[in-house]
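Using the supplied hints, reconstruct the complex from the two chains, each of which is provided in its own coordinate frame.
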Amino acid sequence: MAIFGLWVINKAGGLVYQRTFADGLAQLTSNEYLVLAGTLHGIHAITSRLSPIPGQSSGAQVIEGETFKMNVLLTLTGTKFILLTSPAETSSSIDALLQKIYTAYSEKVMQNPFHTPEMPIRSEAFDVSLGALVNTGH
Amino acid sequence: MTIYSLYIYDRHCACVYYHDWHRTRRPKPAVEGGILPAVSQAVFAPAVESNPSTLSAYGSPRNTLSSASGVVVAINEMNSQSIASPLLQAPPSPIAVSSTGLAFDEEVKLVYGVVISLRNMIKKLSGREEQFVNYRTSAYKLHLFETLSGYKFIVLSDPGSDSLRFLLRQIYVGPFLEYVVRNPLVAMDSKEYGVDNEYFRASVDRMVRGSQFFP
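Chains A and B are the protein sequences, given in the same order. Counting along the first sequence from 1, when you hit position 40 you're at 40 in my numbering, and nothing is skipped either side. Counting along the second sequence from 1, when you hit position 68 you're at 68 in my numbering, and nothing is skipped either side.
This is chain B alone, in the form it adopts within the complex (with noise of 0.2 Å):
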């Protein structure tokens, strides 16, 4: 069994996390803007250079608190990319990757705009608060969870794989509450920023690959 990537999205349909281990096939990175800071450094558009003013206006508070200041767990600025944290295990594999041709703010779209129309789907036909929970293609399976506060955690596995329900509520009880949630750092429902930081993505990571369902 194998799990390909997971993204968390926050009640307002924007994608605030994403993290991916054995995926092949990767969206090319997105346009600048079309995500939001702090969602993942392995799929942010290349750093602008020439318009740093812009940047300093909201980046600056931050970047005091960067990552690479200690122990502090702050958020990764998308700027951060030089920095190689003892945290996080593996960078992205060097193994032969193609593009799927969509950015990775389109694909982001895309998967929220599935999972939220087969949820009300499924709600319409059941004519009860049920949850859709899971579908298959040939090539892979998607799992939602869905947390009372709205926001949606979603995961890709191989489509033999069994519910990984659990797995996405370990991540939510575990890191999430332990590294977003409980760090004053993150701005939550921000609109802003997504809640990447370094102990989290550590701790999924970790997470994920203790898990049996990992390769």
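Chain A with its partners taken away, still in its complex shape (with noise of 0.2 Å):
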């Protein structure tokens, strides 16, 4: 039971955010996951076109490695929350996890008058109120 990492993907396909909680991947430069979060942004657009079934689907969701797994939340407003988790964790705690990161972020980014949206966050606010649930919920 771990979480890895969190990133915030703005509704563009840029990295706004990202920051490790727990060691068990790989330390990359912030440029590579610039790289990453981008792919990550395009696949998302395509696997919602490649539902076999009638109806709209949505991007991925999950997306499982063998020791790891990202879950993804799209907002209405477009940007991504990507949390990177052990595989254990069940669904529903991280849904519930996601949705209060979510809350931290309108209450402590989007609200600070001096933050511009769609750039790179830098906020001790959040950075604080994520620690503090990342750390309460597990």
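Covered by chain A, according to a simulated footprint, are these stretches of chain B (three or more residues, beta-carbon under 8 Å):
hint : stretch
1    : 23 to 31
2    : 109 to 117
3    : 135 to 143
Simulated from the structure, these hints should not be mistaken for lab results. For each residue, glycine too, the CB sits at the ideal point set by N, CA and C.
See the structure below:
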């Protein structure tokens, strides 16, 4: 049971926030994270078009490897929250945590008059509340 | 639980086999030359009658071995659609089918692109030789099994299903080895032909329909 990290991707596919909470995954440079976030943004759009059944499909919600998984929350405004966790985490607890992170984002980032939307997030208040959320939940 | 479709790719990024079951939203037929011959009869472009010379150039030596001739497990040619094989149980179901709006050859490339990108992303993030296993959307779940020789087995199922890797592995060690690898008439790794043949298709069909995941 571990939460490895969090990414926030803006609606254009740019990585605006990246934070590592636990070891277990490779340490990458910020440039590599930017590239991966852009790739994920594109893949997310394609996956919604590959549905074999009629009706709208969402983009990828959970992407699983052998030792970790990526959980994607797409908000109505197009911002994506990606939570990297161990595969054992249940989807209900992850969904709840992602919703709380989204709330923290709204309160600490979007309500900050000095924050420019779609730009990288530099907010100590957001860092602190994220740390509290991730540590209390697990 | 439902299984929608199966794709097999070789190490050259080419789709060599396609099979679908409960798929109610189909791609449009591939454009001429968009996919290899002998991938699936269901998704080929309609045969072009006006150009027999180019067809026969590649087609004729294999047509003599076509699956109509009895026990020979040869490659299904794209023009032999009218042959009703006793091995293949049900033809594509008559239920109403809508279109994805994508041509089959484009869909095949998108599936491959997504799988390769995710595979590379998982490797990069984990920092070791770790496999991408599956992803899930609200409508379906895609599972990947990759062999050491670079063949990729991909299946689409309903989103609630468990991991289907073992089923893909069974298809690999069962029908695939028996009717493709051990079949001298299948040109593997040729970049010109898929691996579709009557026995392989029938055997995969039986295996998937017999599995506990098939409704």
